[in-house]
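Chain by chain, the residues:
2 protein chains.
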Amino acid sequence: MREVAIIGAGSTQFGRAQWSLLKMMCEASHDAIADAGIGDRPVDAVVVANMGAARNNRTAGLASALVDRLNLFPAAAETVENGPASGATAVKAGFMAVASGVHDLVLVCGGERMREVNNFEATEFVSYLSHRYAEYPYGVTLPALAGMFARLYMDRYGVTPAHLAMVAIKNHANGVLNPKAHLRVGLTMEGLLTGPDAAMNNPFVAEPLRFFDCCPVSDGASAVLLAPATMAKQFKKTPVRIAGIGQATDLHAVHERPDPTELPAVRLAAEKAFKMAGLKPKDIDVAELHDAFTILEIAESEEVGFFPKGEGHKALERGETQIGGKLPINPSGGLKARGHPVGNTGVSQIVELVLQLRNEAGDYQVPGKPKHGFAVNFGGFGNNVVATVLARGV
Amino acid sequence: MREVAIIGAGSTQFGRAQWSLLKMMCEASHDAIADAGIGDRPVDAVVVANMGAARNNRTAGLASALVDRLNLFPAAAETVENGPASGATAVKAGFMAVASGVHDLVLVCGGERMREVNNFEATEFVSYLSHRYAEYPYGVTLPALAGMFARLYMDRYGVTPAHLAMVAIKNHANGVLNPKAHLRVGLTMEGLLTGPDAAMNNPFVAEPLRFFDCCPVSDGASAVLLAPATMAKQFKKTPVRIAGIGQATDLHAVHERPDPTELPAVRLAAEKAFKMAGLKPKDIDVAELHDAFTILEIAESEEVGFFPKGEGHKALERGETQIGGKLPINPSGGLKARGHPVGNTGVSQIVELVLQLRNEAGDYQVPGKPKHGFAVNFGGFGNNVVATVLARGV
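In the order they appear, the protein sequences are chains A and B. Residue numbers for the first sequence follow the numbering used here, so the first one is 1 and each next one is one higher. Residue numbers for the second sequence follow the numbering used here, so the first one is 1 and each next one is one higher.
A couple of the hints might just be wrong.
Pairs involving identical chains hold if they fit within one copy or between any two copies, as the list cannot separate such chains.
Calculated lysine to aspartate or glutamate pairs in the DMTMM-like style (CA-CA distance at most 25 Å, straight line) [unchecked claim]: (1) Lys280 / Asp44; (2) Lys275 / Asp44; (3) Lys23 / Glu256; (4) Lys236 / Asp363; (5) Lys236 / Glu116.
Simulated from the structure, these hints should not be mistaken for laboratory data.
Bound conformation, chain A alone (with noise of 0.2 Å):
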């Protein structure tokens, strides 16, 4: 198998688009070639990561309208769906397209336009992730579904509602620091829960989940170019190596988990992923987990091995995922303040991570020039899971 380095990394403004899918792809695309200054080498294929184009852009066959917009003929081209895994599963796709040795110079570039559709239609057509049969026609959503998830975790753990505003808290003072954010607000215990105006500011959405617990409806396309890490060198910026990615899938119907409170393809996926790196959690300096709901950012650094299960909560009361903590999470803002546009999210956690490794983040930097990044991007209610070690250097 050969090795896999991330040459170049670029992204769009996340928040409401101006522009269509199609443009704010090229844009992501155009950053990520540009940032890797290949000159006139082409571009071997193109994966492209998105959800609903079909269903909310009237669009298919996106990968191919990319390889046309940016002239990159006769490169290969596939989208890839994951429902809210899209993007990591697009980014593993490139992997295995350079890995084995088929293609060299590959391009993912992940987008979703969500604004196309109003939020309940949003909020539907994120439902279609759902069980068929044993969930879907039963009304339950992304929101209900982890609404309950919460409600026995935090049963189970001692997880508080303060627990839960200090991840939107954390992540919000974040994305304010992150140019390209969607909701670039800070938020305070008193604002979100404690004050006078809380209930009315900050009403439930599925309880015990309130409106700041919850990512917004965003469009945006980020994009990442993959080498052979042999060839990653002679490119303008410091390569990042995909150490290591796995996946893993869970029964669809989350009441049918034994234990719903578990997630177990969280677990798998980041083993494997840090099996194949040859790492363990303790090695990772930042991460990128996927927030689309405050609790999963606690049960999702539980599962992947950063802290003990049920002791999430308290290493966040302590602020050692902030930046300058231990082990900061979502420096970016995640999904919560960046911005959730769902077949994209997986390769923007991918292009955060690259600039937080190559130094490059600015105002939301990790201090310590961290080596190793981590991502977690969850598909469904947890039914499909991708995570991803990347290291600084070749």
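Here the structure of chain A is known, so what remains is to put chain B in place on it, guided by the hints.
Same frame as chain A, but now just chain B:
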């Protein structure tokens, strides 16, 4: 790069599905796994090919759902979309997963259920593949593009309506012999063109293309199980090696192409596949080409190198592409008669070739124990094409 073999294959009946998309995909997948006889050995990854589930079937994350139904946890899972070339693109993704060493046993399943929408909506849906700004808003459908292509092609190379009808007659005759084909009805030149009722029964769809020059809107699912070639002999059936696989893209908008009668993506994809396989077009014993419209079978048979440019219709006239001819093309009935469940088709072509190379195609078996098979899966209007060379044995 590890060599990759197909160790099992399965497919549903094609036609109007009585069952859900997921149930069809389960049936095909189960058949492929049973065909390989892998016993308790786990499937490591699942790649699904589908174009329209989010729009037409209100479902996303199909690959995870299939893992759930088949109880293949914690297998990795992803869905690949590439319009009508989704199927072969998924086979290529599975090929790279095995070739890279990331996964051993990989199930590739293509499925599409088009009958959830009516024929008008199906045409609209497939036109999502046309250029977003240069074609789609002007109402350019795929049959319209094929009609314009056919007119130019016929004018330049002396192809007549009778030649188009010969493709339909041949492929329907083959479809009659294939118990899983969608349209098992024989056609005659009198019925299609020369008889008194021909104009009524075979009206123009997009002149010069008539009703029977166009493939049907079908439902169906097919699956293959891939393994490293070194492992393939452990299993039940004669392995079929993926000797070469090539992919290429072209300009999206057909009118922008320097010569709209050329299909350079077909030519390049085939060249790459033959190069990887170390074989030439003359080594091929049986082929499945993407005859979504009759003219395409003729044009592709030339572009891939079976016949000189402009000579494909003459070989057809001489009967060379019939079962029993020098190079049987579409013995399964092709898209024309077996059917064209859009995202599925590329996988079903591979399943048909596996049956031929294993000498298991029954009434439509090509004589002489074919050793090498070849498929073209054509996306958009030729803007994204995958070609595959298969070889019996490892």
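(request) Using 25 Å as the alpha carbon limit, work out where Lys23 and Glu256 are close: within a copy, between copies, both or neither. (result) between (41 Å within a copy, 20 Å between copies)
(request) Pop the pair Lys236 and Glu116 into one bin, within, between, both or neither, using alpha-carbon distances up to 25 Å. (result) neither (37 Å within a copy, 50 Å between copies)
(request) Using 25 Å as the alpha carbon limit, work out where Lys280 and Asp44 are close: within a copy, between copies, both or neither. (result) between (33 Å within a copy, 23 Å between copies)
(request) Since the copies are identical, ignore which copy is meant and state whether Lys275 and Asp44 lie within 25 Å (CA to CA) inside a copy, between copies, both or neither. (result) between (29 Å within a copy, 16 Å between copies)
(request) Indicate which option fits the pair Lys236, Asp363 if close means a Cα-Cα distance not exceeding 25 Å: within, between, both or neither. (result) within (23 Å within a copy, 60 Å between copies)
Hint compliance for this structure: hint 5 is the single one not met.
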